[in-house]
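Protein chains in written order, with this note's numbering: chain A, 601 to 954; chain S, 601 to 954; chain P, 601 to 954; chain X, 601 to 954.
Treat the hints loosely; a few may be bogus.
Identical chains blur together in the list; that is why a pair holds if it fits in one copy or across any two.
[Unchecked claim] The list that follows gives simulated cross-link-like pairs (lysine to aspartate or glutamate, EDC-like), each with its CA atoms no further than 16 Å apart: (1) 746 x 637; (2) 902 x 915; (3) 789 x 639; (4) 871 x 859; (5) 699 x 673; (6) 713 x 908; (7) 799 x 621; (8) 675 x 776; (9) 675 x 712.
The hints are simulated quantities; they were obtained by calculation from the structure and are not laboratory data.
4 protein chains.
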Amino acid sequence: MAGNTFGNFFKLTTFGESHGEAIGGIIDGCPSGIPLDLEAIEAEMSRRKPGQSSIVTSRKEPDTIRFLSGIFEGKTTGTPIGFIIENTNQKSKDYSHIKDTYRPSHADYTYDKKYGVRDYRGGGRSSARETASRVAAGAIAKQFLKGITCNAFVSSVGEIFIDKPYQDLDFSKIEDTPVRCPDLDTAEKMISRIKEIKKDGDTIGGTVTCVIKNVPVGLGEPVFDKLHAQLGKAMLSINAVKGFEFGSGFCGAKMKGSEHNDQFNADGTTKTNLSGGIQGGISNGMDIYFRVAFKPVATIMKIQKTIDSQGNMLEMQGRGRHDPCVVPRAVPIVEAMASLVIADFMLANRLTKA
Amino acid sequence: MAGNTFGNFFKLTTFGESHGEAIGGIIDGCPSGIPLDLEAIEAEMSRRKPGQSSIVTSRKEPDTIRFLSGIFEGKTTGTPIGFIIENTNQKSKDYSHIKDTYRPSHADYTYDKKYGVRDYRGGGRSSARETASRVAAGAIAKQFLKGITCNAFVSSVGEIFIDKPYQDLDFSKIEDTPVRCPDLDTAEKMISRIKEIKKDGDTIGGTVTCVIKNVPVGLGEPVFDKLHAQLGKAMLSINAVKGFEFGSGFCGAKMKGSEHNDQFNADGTTKTNLSGGIQGGISNGMDIYFRVAFKPVATIMKIQKTIDSQGNMLEMQGRGRHDPCVVPRAVPIVEAMASLVIADFMLANRLTKA
Amino acid sequence: MAGNTFGNFFKLTTFGESHGEAIGGIIDGCPSGIPLDLEAIEAEMSRRKPGQSSIVTSRKEPDTIRFLSGIFEGKTTGTPIGFIIENTNQKSKDYSHIKDTYRPSHADYTYDKKYGVRDYRGGGRSSARETASRVAAGAIAKQFLKGITCNAFVSSVGEIFIDKPYQDLDFSKIEDTPVRCPDLDTAEKMISRIKEIKKDGDTIGGTVTCVIKNVPVGLGEPVFDKLHAQLGKAMLSINAVKGFEFGSGFCGAKMKGSEHNDQFNADGTTKTNLSGGIQGGISNGMDIYFRVAFKPVATIMKIQKTIDSQGNMLEMQGRGRHDPCVVPRAVPIVEAMASLVIADFMLANRLTKA
Amino acid sequence: MAGNTFGNFFKLTTFGESHGEAIGGIIDGCPSGIPLDLEAIEAEMSRRKPGQSSIVTSRKEPDTIRFLSGIFEGKTTGTPIGFIIENTNQKSKDYSHIKDTYRPSHADYTYDKKYGVRDYRGGGRSSARETASRVAAGAIAKQFLKGITCNAFVSSVGEIFIDKPYQDLDFSKIEDTPVRCPDLDTAEKMISRIKEIKKDGDTIGGTVTCVIKNVPVGLGEPVFDKLHAQLGKAMLSINAVKGFEFGSGFCGAKMKGSEHNDQFNADGTTKTNLSGGIQGGISNGMDIYFRVAFKPVATIMKIQKTIDSQGNMLEMQGRGRHDPCVVPRAVPIVEAMASLVIADFMLANRLTKA
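Sequences and hints are given; from them, build the entire structure.
Set out below in structure tokens:
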């Protein structure tokens, strides 16, 4: 369990460093007979990739997926789907200055201590480039989940946030702005804020909210593998994530039971949905929604003090092309991971009854 | 992967319903040669068990653990540790009135839909009684983790919260009050609030904060099994939990990189610790700290409208002996799950280098 | 993966030493809604238990199973089935003489070296007593597999073997003799041979053959988890097993392709069945059959030289009540493990198609 | 657990069909800091690949491995090792005649029934081409296992077998002949036999014996994951395998305890080694040896009757370039799988003691 596999039934195993030859993965457990729309997969990849707009990194990576197995005549065959994404734009020299340097709040120090060695050309395995494999696999999971929709969007950037319940938002507007906030007034403010931050050589955090609709009743396993526990793990495994809450979340901790309980309608739906579509770890058929907190990107263009591997203090300044705010590009990653979790539980649920 | 096992190396599998014959579990993977202090295990059990004080349920459960295997002459043998806790105080009749009724914001409806059958005597497998097995296993993990300390405490009840950083708290005072808040002034307010809520037949939520000290550098696996992702899953698997954040958490999402980055000292420690002791999913040797949100208990003594399994609307009122606020008893459960996660990664880490 | 769990979907985890308080296990993944015939389970337990006849050990163990969870109103609930079997007849003193002694061809030496400690009262975890938990779980798997029949029988004892294909045997006669050989003439010879061996203070090996009928086409996973690979692992995990072959087995290695290939009938069945019901690791609907080799029991009543834990040479003689030949009691264990494998793949197969 | 992963700690997941774009895999769990000799890996690949001699298939596949990650500056980094092997010599048209035909004793029928679809160009996932990925991973495992030697050789072809204990063989001669039998007189007879069989358009089975030396005491997990149970599963997962035996094997089933028990020397070694280096599922430091039975290759050049997917009877004749006897090329595959098993348990063993 070296930590590079996600899922129990619809399983993704990934490999690859940011500056190695290629990244990629194997999806094992995808059922046979699913027609795959390869263009839709490429479209998801494009949402994640760098260089899309002025508020994200200007780095260019084509991120073309090459599927090597498990697909025949346009359909999945039930055998493992192997895929690779070549690293064509490695620019290793951008990173040579940090060979012996531990960047503050990066994984340089911890990887070096853990493994006794690290690929110092970029973040190696801890680079967000690894998430490209997740988006590829998540795009296949989405196609398996036909009918279940999974929409993530940026709900805050720094102190700027959407001041409306998600029910009042039009998800078709998520892609209308590069910041992926469907509330267009708020989106404008967010974009201005990110540009300001970027000009300042700084970075800023934010949150992504995700809403999953049409999930059947009964997904999730009791006790340790509760539906929201797996969703939480999935989200917390994304780079830069610091927190996860679903349904009423941290606000729920301030409430009384008489306010918080969701009263039933006769058909088993509930009048309110503070449960966030999950009761006792199992989906109840209502919308599942959750919120994910991302810290500001650690690479800033300002001068910082830090240490090298011998413990010498030195000054460094971020170089290269980095995101001033990670949340717009995190949106498709959140959707990918959520789709993988739901696909996994859809399969798990086939095992429940005699 | 039916969801009743936690951990990859120090593995706990649990069984048991609240009103069955017994609950229990198997710990598989605990190394041989660990001297076990059985009294310390019982002491942990006592912290979780009901009937401890006037602010928790008055239900009495002796919660005596019977170890059946894996321990010989006071030490672990490396073989699986089987244990059971008899259900001596079942009082099934307390629950007969809910046989066909789905209690609002409980797992009754979702279990019934998922499995097509449920043990209607109490919460069955979704009852918090299951957590007794976790506390037993966590107590053994704690003994394996000699030197690493794991302290949880109640950091808020409803709107009342500790307004100090954890560094200013004296953890030796956690057990001084039944509410398990080490800030004694705040503890008093919390206790008053819980009593008020109880008198009103209502319940209230709260948060638990946990601090783990002396964790070696290097724990956690990259990518999917990041240290905080497993901690998050562990916490979200506890009944009534709605959210998890570590280090800067949701506040971090509002910050700038220049504020958020933790500057290194020459020895690899950091001047600040917004990272929460984890960078890139791997421990960096600083304190690990996180916060867990618990919703108010769903069973209230007020009359509520609900439905039965035929979809008939009816009124119900909670009976029996329930907790007005779950967080004081959740403290040892949070510690148990955190200890299991750390124990698991301590073993995993033995596999890292050649 | 400390090796005490079997199966991926219908999972059994066992615990318990021969001379501890109890043995038992947890079945996790058994679907809900299966009516359980508890008497049928006890009947399987009786087939395995010692003291059944003059050709097996005279040790008495009641082997009563106590189910603790996962069953409600006569049916499985889908939650884990916990069970224990108390060790009521421990007679620890029988073993005190071997506290520091390594019995030849037992696991004493290897356990001691591996763990640095062992429960020297009997075989501890390596005792065949552990298989009682397997039989209990296998009996539940059998009930899940309604319609699929799994019959094992003794096919040889020492040099005496059944000289007929299994198709010519009447499985209803398996239980007619204590040796569990359905060919009654051969059974007589086997019984005489075992009595002779017993009188001599010696032991003897043998083989068990198992035939599984009515397995649907399509069970087994490609590549590593082939149906026969899991069956082989299951059998090789039983105490004293030295070999496994299925279909043509080792004889197949002497054959030519033109002799060995199974020609199809128009309906997909095959005229011959040298494949043993499995092609490419996947069941083809024909009978699955395999043969398992058991070595002679290592505990003999003759004087043997051996060593103690300090490397001193000494003489020892088996005491207590041991089986002169293990195969008659191995029959229900082989069936139990085979049933667990088939149950596991029946569940796995639900995941195959879209 | 879709069956494409082997191992619990040193884990290999493979993908790829014989006529897809590429095959490959991910090794997850290989420790950091192992210097890798890439030429030694290529040498192992050459031993398995087709076209080596006149007694194996004349098909040419360059089998060049491309490592994509997990290796930096000549050493493993502890992150997953991704690799691919392009399928450059696909010749799909060779197989068009079998699109709707089920070849006798192949996996065509069972795959089609299981998945409802199959890549009919060659054996797809059930092709022995998949084993190239195993050899690649096994070659890395071998380098991790420095000092432990693992030698397999052909011990029989049809009725011709080596009539000597393995101790009398000179393993340095294994590669002296294309049949990989170190007893050169027997090797000559085997080669003649295979040539005769090939001329006749037929195929023949055989056995491979494997000897592992210098295994430390203590490898193997009790109960289900016994060392020989995992070795058996590993071998039975190789294409065309019908049986596995270790130590005394099936012969042991004919013996008496007084003959079979291995007497100890004072240093814990044993005078005889009928145990095959494993007692109670755990290595005892003596040589581990086992034997694997391979059936004759199912593709023969003779005319056979068979059916198509509509159940029509038809005649077919093998075409293309196939092995008349699979065992010579199976030798490196047996070694690879054995090395993966031992590597896995070497890691597992790090978890045993406190």
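Checked hints:
1. 746 x 637: This pair counts as within: shortest intra-copy Cα distance 12 Å, inter-copy 41 Å.
2. 902 x 915: So residue 902 and residue 915 pass the 16 Å test inside one copy only (10 Å; across, 62 Å).
3. 789 x 639: neither (32 Å within a copy, 58 Å between copies)
4. 871 x 859: within (12 Å within a copy, 42 Å between copies)
5. 699 x 673: between (46 Å within a copy, 13 Å between copies)
6. 713 x 908: within (13 Å within a copy, 43 Å between copies)
7. 799 x 621: Neither: 33 Å inside a chain and 46 Å across chains, both beyond 16 Å.
8. 675 x 776: Intra 32 Å, inter 46 Å, cutoff 16 Å: neither.
9. 675 x 712: Classified as between; 14 Å across copies, 42 Å inside a copy.
Hints 3, 7 and 8 from the earlier list are contradicted by this structure; the remaining hints agree with it.
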